[in-house]
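**Student:** Listed below, chain by chain, are the residues.
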Amino acid sequence: MSNKFHHSVYLQEELCRGCINCIKRCPTKAIRVQNGKAHIIKEFCIDCGECIRHCPHHAKLARRDHLDKLSGYEYTVALPAPSLYCQFNNLTDVNIVLTALLRIGFDDVFEVSAAAELVSEESRRYVNNHPERWPIISTACPTVERLIRVRFPNLIEHLLPLLPPVEVAARLARQRAVERTGLPPEKIGIFFLSPCPSKVAFMKSPLGIDKSGLDGVMAIKDIYQILLSHMKEAEQDTQNLSISGKIGVGWGMAGGEAAGMILDSYLAADGIENVIQVLEDLEDEKFTSNLQFIELNACHAGCVGGVLNVENPFLAKAKLKQLNRYMPVSLQHRSDYPAFDRNLLYFTEEITYEPVYNLGNNLAESMENLKTVEALMKKFPGLDCGSCGAPTCRALAEDIVRGFAKEDDCIYLLRDYYHRLQKSQLLKEEENET
Amino acid sequence: MSSSLRFEYQVSGEDFTLAGEASSDIKNKLKQMGVDPTAVRKVAIAMYEGEINMVIHGGGGEISVEILPDRIIMELVDHGPGIADIDLAMQEGYSTAPDQIRSLGFGAGMGLPNMKKYSDEMNIFSAVGEGTRVHMVVNF
Ligand SMILES: Nc1ncnc2c1ncn2[C@@H]1O[C@H](COP(=O)(O)OP(=O)(O)OP(=O)(O)O)[C@@H](O)[C@H]1O
Ligand code: SF4
Ligand code: SF4
Ligand SMILES: [Mg+2]
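Protein chains in written order, with numbering that gives the first Met the number 0: chain A, 0 to 433; chain B, 0 to 139.
Mixed in with the good hints there might be a few duds.
[What the hints assert, rightly or not] Here's a subset of chain A near chain B, in silico, CB distances under 7 Å, partners left out:
1. SER264
2. TYR265
3. ALA268
4. ASP283
5. GLU284
6. THR351
7. VAL355
8. ASN357
9. LEU358
10. LEU362
11. MET366
12. LYS370
13. ALA374
Source of the hints: derived by calculation from the structure; they are not laboratory data. C-beta atoms are modelled at their ideal positions from N, C-alpha and C, and glycine is treated no differently.
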């Protein structure tokens, strides 16, 4: 069980003030303040990064790799996410960024957007060939995949069984590096430059595949400064390294993946609360129109909205659009594009439902526990105040039946208890006096 | 052990945007109980359709739900105009939904047929001018 729930997001205890800002923002109710510290329940967390975004004390952080990791390999390749390109002002050519990546220490670059174009093409084919599974749901955002795995068992069969572009890029990059250098594959280090923590979690416990092709994941915001300091020189001596176009780079923003598939009917939703709404409605068959495809991004505006970026998501999106305008549609037929077998784009492992929210080990036990939860709900004030450390009264009731909390964690019940005690104490005193 | 759980919901006949709250609440409870996902889906779809009908056609009412270890029983009661010809209403494609409701994507005349399809037992009792009661059971 443990490796299925590997996470990037964690709490830096010393910084946490127990202010409960984060518990209210977590879309899966995964955080509890206990003994003044906001701990994450690992089975519930989907590494969306919302708690990082909203903690006023920067106590929630994302585990990730740093540039020092490059020294462990003989040859290293950077895989820039499309959202990297829109972190800079007035960028006219993505080759400047790619050249700067070589200057900061990577031996080669392989754009995730290039792999995205392959995934776009294969997705289109898959969607058209499988009308019985419509609407097919995108699997590019690991947070969305993880959410579906724990909360929407009936939607698992709608998941697009294709690797996310970053994994395809990792495989192609390693293949090309082996061809270019003659080195054994394990001497080559493949590093993703990521906009979000969910890709770090995916690398550690991937879905749909047995093992990730990545050796590390770095944050865009960590390499931003050093990259920026090499951009000027890179501009003087730009190498022609880009092998992707509009379609691939468009994946960086909400709607880009779906648009690149050129389908008749699709929906694209971004922002985790909107994603949840779409999934709920989809599960209840509330959609009346016949959709072929659903693109879902946990972050607002898409990957440009990831918490490990630098730029404001909406500005970033605008920049990406501008940059995109001058790009060719696609460059995947360029000669330095490695040959590949399209079967390698498909999942090799099944995604199975993880019923982490179950209240008991079997139906009878869960039912009894649900009864207790309902009874507790009648006692609690229903204010969802968060003072108990749980995000809602219901979450506290559920924690109690799971054995993680007690009734008098509720300050209102504690107060009533105290009053009762005080009264009986007074009564006793009165009795003594008479 | 004859354990059971009961839930009651008020369904407003005025507020469209609230329709579906009862069915989604039940759906989440069944999921937490570890009920087979296929059965959860059947309940969610059947109950949602019934709830919507209560809002659109029935002017609101009450829903009571009883969850047993092996099945769920749903009673949807409204005090609206009632259904004159139940067999006709049950036909796929039959609908009296007005245009403004159709423009919201409802009124395909598929609600009752889907409720029949997704429940294991369904009965409708209705009297014109008095209201409608829909009884549905889904086995786990
Ligand atoms: N609770 C109700 N009270 C009064 N009439 C009803 C009720 N439920 C259904 N009907 C009648 O039966 C018809 C068919 O219902 P059904 O749910 O199958 O289709 P619909 O609601 O018109 O469209 P859809 O459910 O596809 O959006 C309705 O148009 C309405 O005339
Ligand atoms: S927001 Fe959460 S992690 Fe940050 S200080 Fe408050 S309780 Fe701690
Ligand atoms: S990363 Fe997201 S799911 Fe995980 S604890 Fe933070 S807010 Fe909750
Ligand atoms: Mg209907």
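**Student:** Now look at each hint and say whether the structure bears it out.
**Tutor:** Hint check results:
Because the closest C-beta pair between SER264(A) and chain B is about 14 Å apart, greater than 7 Å, the hint is violated. Because the smallest distance between the Cβ of TYR265(A) and any Cβ of chain B comes to about 17 Å, over 7 Å, the interface hint for this residue is violated. At its closest, the beta carbon of ALA268(A) sits 17 Å from a beta carbon of chain B; the interface hint therefore is violated under the 7 Å criterion. Given hint, ASP283(A) at the interface with chain B, holds; its Cβ is 5 Å from that chain's nearest Cβ, closer than 7 Å.
At about 5 Å, the closest approach between the beta carbon of GLU284(A) and any beta carbon in chain B falls short of 7 Å, and the interface hint on this residue holds. Taking 7 Å as the C-beta cut-off, the interface hint given for THR351(A) is violated, the closest approach to chain B being about 11 Å. At a threshold of 7 Å, the smallest CB-CB gap from VAL355(A) to chain B is about 10 Å, leaving the interface hint violated. Using the Cβ-Cβ criterion of 7 Å, the hint placing ASN357(A) at the interface with chain B is satisfied: the shortest such distance is roughly 4 Å.
For LEU358(A), the interface hint holds, the least distance from its beta-carbon to any beta-carbon of chain B being 5 Å, beneath 7 Å. Interface hint at LEU362(A): satisfied, since its Cβ lies 6 Å from the closest Cβ of chain B, which is below the 7 Å cut-off. Interface restraint check for MET366(A): the shortest CB-CB distance to chain B comes to about 6 Å, inside 7 Å, so the restraint holds. At about 6 Å, the closest approach between the beta carbon of LYS370(A) and any beta carbon in chain B falls short of 7 Å, and the interface hint on this residue holds.
Below 7 Å, beta-carbon pairs count as interface contacts, and ALA374(A) has none with chain B, the closest being about 11 Å; its hint is therefore violated.
The earlier numbered hints that this structure contradicts are 1, 2, 3, 6, 7 and 13.
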